[in-house]
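Undergrad: Here is how the chains run, residue by residue.
There are 2 protein chains.
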Amino acid sequence: MITRLSQLFVRTLREDPADAEVASHRWLVRAGYIRRVAPGIYSWLPLGLKVLAKVERIVRDEMDAIGAQEVRFPALLPREPYETTNRWSEYGPNLFRLKDRKGGDYLLGPTHEEMFTLLVKDLYSSYKDLPLTLYQIQTKYRDEARPRAGILRGREFVMKDSYSFDVDDAGLEASYQRHREAYIAIMNRLGLEFVIVQATSGAMGGSASEEFLAIADSGEDTFVRSPGGYAANVEAVTVVAPEPLDYADVGAPQRIPTPDTPTIQTLVDRVNAEYPREDRPWTGADTLKNVVFTLLQPDGKRTALAIGLPGDREVDLKRLEAAVAPAEVLPFGDEDFAANPALKKGYIGPESLGENSAAGVPYLVDPRVVTGTRWVTGSNAYDTHVIDLVAGRDFTPDGVIDVAEVREGDPAPDGSGPLSLARGIEMGHIFQLGRKYAEALGLKVLNEQGKLVTVTMGSYGVGVSRAVAAVAESSSDERGLVWPRELAPFDVQILATGKDATVSDFAEKLALELSAAGVEVLLDDRKASPGVKFTDAEILGMPTAVVVGRGLADGLVEVRDRATGERTELRADEAAEQLIALLLP
Amino acid sequence: MITRLSQLFVRTLREDPADAEVASHRWLVRAGYIRRVAPGIYSWLPLGLKVLAKVERIVRDEMDAIGAQEVRFPALLPREPYETTNRWSEYGPNLFRLKDRKGGDYLLGPTHEEMFTLLVKDLYSSYKDLPLTLYQIQTKYRDEARPRAGILRGREFVMKDSYSFDVDDAGLEASYQRHREAYIAIMNRLGLEFVIVQATSGAMGGSASEEFLAIADSGEDTFVRSPGGYAANVEAVTVVAPEPLDYADVGAPQRIPTPDTPTIQTLVDRVNAEYPREDRPWTGADTLKNVVFTLLQPDGKRTALAIGLPGDREVDLKRLEAAVAPAEVLPFGDEDFAANPALKKGYIGPESLGENSAAGVPYLVDPRVVTGTRWVTGSNAYDTHVIDLVAGRDFTPDGVIDVAEVREGDPAPDGSGPLSLARGIEMGHIFQLGRKYAEALGLKVLNEQGKLVTVTMGSYGVGVSRAVAAVAESSSDERGLVWPRELAPFDVQILATGKDATVSDFAEKLALELSAAGVEVLLDDRKASPGVKFTDAEILGMPTAVVVGRGLADGLVEVRDRATGERTELRADEAAEQLIALLLP
Numbered sequence: 001m002i003t004r005l006s007q008l009f010v011r012t013l014r015e016d017p018a019d020a021e022v023a024s025h026r027w028l029v030r031a032g033y034i035r036r037v038a039p040g041i042y043s044w045l046p047l048g049l050k051v052l053a054k055v056e057r058i059v060r061d062e063m064d065a066i067g068a069q070e071v072r073f074p075a076l077l078p079r080e081p082y083e084t085t086n087r088w089s090e091y092g093p094n095l096f097r098l099k100d101r102k103g104g105d106y107l108l109g110p111t112h113e114e115m116f117t118l119l120v121k122d123l124y125s126s127y128k129d130l131p132l133t134l135y136q137i138q139t140k141y142r143d144e145a146r147p148r149a150g151i152l153r154g155r156e157f158v159m160k161d162s163y164s165f166d167v168d169d170a171g172l173e174a175s176y177q178r179h180r181e182a183y184i185a186i187m188n189r190l191g192l193e194f195v196i197v198q199a200t201s202g203a204m205g206g207s208a209s210e211e212f213l214a215i216a217d218s219g220e221d222t223f224v225r226s227p228g229g230y231a232a233n234v235e236a237v238t239v240v241a242p243e244p245l246d247y248a249d250v251g252a253p254q255r256i257p258t259p260d261t262p263t264i265q266t267l268v269d270r271v272n273a274e275y276p277r278e279d280r281p282w283t284g285a286d287t288l289k290n291v292v293f294t295l296l297q298p299d300g301k302r303t304a305l306a307i308g309l310p311g312d313r314e315v316d317l318k319r320l321e322a323a324v325a326p327a328e329v330l331p332f333g334d335e336d337f338a339a340n341p342a343l344k345k346g347y348i349g350p351e352s353l354g355e356n357s358a359a360g361v362p363y364l365v366d367p368r369v370v371t372g373t374r375w376v377t378g379s380n381a382y383d384t385h386v387i388d389l390v391a392g393r394d395f396t397p398d399g400v401i402d403v404a405e406v407r408e409g410d411p412a413p414d415g416s417g418p419l420s421l422a423r424g425i426e427m428g429h430i431f432q433l434g435r436k437y438a439e440a441l442g443l444k445v446l447n448e449q450g451k452l453v454t455v456t457m458g459s460y461g462v463g464v465s466r467a468v469a470a471v472a473e474s475s476s477d478e479r480g481l482v483w484p485r486e487l488a489p490f491d492v493q494i495l496a497t498g499k500d501a502t503v504s505d506f507a508e509k510l511a512l513e514l515s516a517a518g519v520e521v522l523l524d525d526r527k528a529s530p531g532v533k534f535t536d537a538e539i540l541g542m543p544t545a546v547v548v549g550r551g552l553a554d555g556l557v558e559v560r561d562r563a564t565g566e567r568t569e570l571r572a573d574e575a576a577e578q579l580i581a582l583l584l585p
Numbered sequence: 001m002i003t004r005l006s007q008l009f010v011r012t013l014r015e016d017p018a019d020a021e022v023a024s025h026r027w028l029v030r031a032g033y034i035r036r037v038a039p040g041i042y043s044w045l046p047l048g049l050k051v052l053a054k055v056e057r058i059v060r061d062e063m064d065a066i067g068a069q070e071v072r073f074p075a076l077l078p079r080e081p082y083e084t085t086n087r088w089s090e091y092g093p094n095l096f097r098l099k100d101r102k103g104g105d106y107l108l109g110p111t112h113e114e115m116f117t118l119l120v121k122d123l124y125s126s127y128k129d130l131p132l133t134l135y136q137i138q139t140k141y142r143d144e145a146r147p148r149a150g151i152l153r154g155r156e157f158v159m160k161d162s163y164s165f166d167v168d169d170a171g172l173e174a175s176y177q178r179h180r181e182a183y184i185a186i187m188n189r190l191g192l193e194f195v196i197v198q199a200t201s202g203a204m205g206g207s208a209s210e211e212f213l214a215i216a217d218s219g220e221d222t223f224v225r226s227p228g229g230y231a232a233n234v235e236a237v238t239v240v241a242p243e244p245l246d247y248a249d250v251g252a253p254q255r256i257p258t259p260d261t262p263t264i265q266t267l268v269d270r271v272n273a274e275y276p277r278e279d280r281p282w283t284g285a286d287t288l289k290n291v292v293f294t295l296l297q298p299d300g301k302r303t304a305l306a307i308g309l310p311g312d313r314e315v316d317l318k319r320l321e322a323a324v325a326p327a328e329v330l331p332f333g334d335e336d337f338a339a340n341p342a343l344k345k346g347y348i349g350p351e352s353l354g355e356n357s358a359a360g361v362p363y364l365v366d367p368r369v370v371t372g373t374r375w376v377t378g379s380n381a382y383d384t385h386v387i388d389l390v391a392g393r394d395f396t397p398d399g400v401i402d403v404a405e406v407r408e409g410d411p412a413p414d415g416s417g418p419l420s421l422a423r424g425i426e427m428g429h430i431f432q433l434g435r436k437y438a439e440a441l442g443l444k445v446l447n448e449q450g451k452l453v454t455v456t457m458g459s460y461g462v463g464v465s466r467a468v469a470a471v472a473e474s475s476s477d478e479r480g481l482v483w484p485r486e487l488a489p490f491d492v493q494i495l496a497t498g499k500d501a502t503v504s505d506f507a508e509k510l511a512l513e514l515s516a517a518g519v520e521v522l523l524d525d526r527k528a529s530p531g532v533k534f535t536d537a538e539i540l541g542m543p544t545a546v547v548v549g550r551g552l553a554d555g556l557v558e559v560r561d562r563a564t565g566e567r568t569e570l571r572a573d574e575a576a577e578q579l580i581a582l583l584l585p
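Note that the protein sequences, when read in sequence, are chains A and B.
So for the first sequence, this note's numbering puts the first residue at 1; every next one is plus one.
So for the second sequence, this note's numbering puts the first residue at 1; every next one is plus one.
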């Protein structure tokens, strides 16, 4: 069947959408693949839906190939199971909640661990039934604080989520590895340049997890890599604590006046000028910056948290959010300082902090703040600092928190060399959940010895609608979309340019021949100028275009490769045969 | 690829679900096709999902065949467009409403007229762009007061909805007819015995609509048919008003004492005994029963409505609901009577009713109550009736309402003979919407004369998940499901019965041969008794079962037809070939 552009429900737009920040958003909207309905909520137009269906097919293929079985849960779910695992409240404002006509509490599922656990509990009871992997390709909902970039981070989106059920840890490890291989296959078929990184498990819980990131400057995730093969989401990077230092020779701490030192650098310059170190100059890394945040717990409770870290680094908010989840991080504002007069803004020192201090604010420090390290830090009085304050001698924090920014060149925690940073789009996430959900919801089976044991689970997600955006992100240029063959809505776009009936007749005949051979053909049969047709073909982004126009008088048609820009002439009478060979390899 | 029952995520259940009233609900749950999550909310297990996918494919095929283009809208929709058409409130408690984190109002889409109208308005502007038909196969939500019968009437369900856009009425008529043909094709491919009936448009609005009902005793819809071809949903049946009667000879109305006449029959007997008619005896059809209801408007306002109808008929609540939608019908209770002392319960007469009466209750009568008809009715005083009260002489109602029950044998309104009643499941509904939505939302295009005209629309729905239930309803027996070939999850179930390795080896080999030829095979390779396997095969309902067992020693296998129960023996060495011929016609 030929699709005719004169009939196809699509309009290319000359203008970028007002809120478009990234290429995929711009081009998917301008090319008429998707259309915005509300913030983070989009409709799929015919071309977009075709790409989405192709992504779904790839994901389904690879899941079926590892023996996963497809099911489909509702999106509208009752509160109770999520209450049992505490996620009803832990999800906070990210969860869409609603009531039915009888006042019953429901949610729109953001992920389905609870439901799958209950389903397996419902039907299975023996180790003989395991291992089992179930999956669904389904619409999910998250009330993102900042939906952005079109379908890259939406509030309604399509995900493949799967869940493995095993009787023991070795089984889980095997199920996890099978998924890992399937995800590699999916990423490769999608044509994405990707990296697998260590990740944090966040609200999902569980022991180990990895993310599949499509490498893209527009990605929201920052990750690090080392020459020796370390790779992690920046939220999962751990700083290796240095050995404790001998502080026998360090003098007693000394309060010093430091007016007019509004920045770390001015402070460092002042102490180097007036209180020089004997061994080397002070640097920003010798200052201990104490920053206070407010944590908003899911139950609405607000608490303060102080973090001490070397002054040459900032707290990385995303690392902090990951570390304190499900609590939300808010600024510690002027009114908070007013309520805590012991905390002198800009001059907070360790002595005013800690659970046992007057203010009672828990005090966690960066792993680099080990016993014996010697600091320039706040003295809890305005315009005054203290030097030679030694960790483990002069102050003892409540614990360690690893949330300082990770920088280009920092050493990899596994000793595999200096880290480099890049950005990516989270395309997949695989979790070894372990027994968290099975325990909470009572999923046990009889093992070989006839003893009831709790099942161990994995949870695995791929962003299906997001994949369309991720591919568009890497497969577009300044003129429009550039689909890889496996995902293009059509294999070829035939442009009939010229008003001569022989042109349109030939284009029609060629389209029919290709279509009969199984090629998916989009025929631009519109009454429009060649310029409009060329421009639209580049925006729509089919991998191959065939121009039937002036050359036809000389027995020639032109083939254009969208990705390379290469143009080839074919003899019109051989065009069908050669195109079929090219397009159906 | 062979699916092995030992691996398949399914468990057949020996017990009916507690709330199962109909066959499809019972068997889809017991055979492990679906599983309940909440009232009216179900999960699809692997077997069920396969059937659902086959229904989807049929629907998609037939929609594509009439040139409809597939798109997909979100289920989570903003309030504004539904506010514009008033359906945000008209849907009343049937709509799932929710707020996002910013307090914005959203709904879960029950149907998408508004969204499609806006999409077309967004992209199209000329008569040259039309006709256009768009469709989606998508999850929809309605907060039914009484979800029932499993997936037959759910609160989350899959629908195909399509929308046609035309520049004029002739175009709409053509689009409507194309859909009608497509729906006939769909019903036939689903193997459903169905009837197309006239229907009411209800909250949808629009001028003409027809329903496709699958004939089933368990159906919620009652429809009528006449020998001459009339067919209508009972809600859409219209009573033809008789000609006015000459009442010149009828005496003045007369109040009569009627204590101890608790029923229509006792009243009729009394008047026949004491006040006989000159021409014929009084019958129940000569009594005028006045019934009062409370209407609850979507905005929460409560009003009363009085209905006068011949006493031998009841008000049909579903007809009444259809007539007064979007208002809800509630009883007129004792406290309502107390608040309206002019209305004497059991003795309400026309004189106390009407917009201009003291009580001010609007009074609508059955179409049979024409001018000149002569009634026995209430006198607005207890234990007293009035006879010879003549419509048009002694009382004048505010209007007509056609909500009396329709009875077997009533004449068809088109004169095509007596009606018979039956029940059905609403599988499809096609509407000529006209310009209601286009007008409300401003969808106009330039016509051939360069003038802006409002587009005219049609709206068309098929219950996709409901189709699975409707087919199961007609395709099941006392032993389980009986799938038609086009919808069965697998073409054949092979049962290896017996512990001998030659049995399982042969079954495996046969499965592989069939599968290689393209037959979808379910192999029962479980360690279970023949009895369990036979029973399960009947519950699961594949159209053909092949038993590989004792007969194999004599070179034979047995083929069982699930629908007819017929058993045939095949030579084992010819079984593959013959089964392929049978299963892949």
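One or more of the hints may lead you astray.
Covered stretches of chain A, as calculated for chain B (at least 3 residues, CB under 8 Å) [said to hold, decoys possible]:
#1 7–18
#2 113–122
#3 355–369
Straight-line Cα separation of at most 27 Å, DSSO-like style, residue types lysine-lysine; simulated pairs [to be verified]:
#4 A:Lys527 - B:Lys527
#5 A:Lys444 - B:Lys121
#6 B:Lys121 - A:Lys128
Derived from the structure by calculation, the hints contain no laboratory data.
Just so it is clear, CB atoms sit at the ideal spot from N, CA and C, and this is done for glycine as well.
Undergrad: For each hint, tell me whether it holds in the structure or not.
TA: Outcome of the hint check:
no.	hint	verdict
1	7–18	holds (count 5)
2	113–122	holds (count 3)
3	355–369	violated (count 0)
4	A:Lys527 - B:Lys527	violated (67 Å)
5	A:Lys444 - B:Lys121	violated (55 Å)
6	B:Lys121 - A:Lys128	violated (57 Å)
Figure legend: structure checked against the earlier numbered hints; hints not met, in rising order: 3, 4, 5 and 6.
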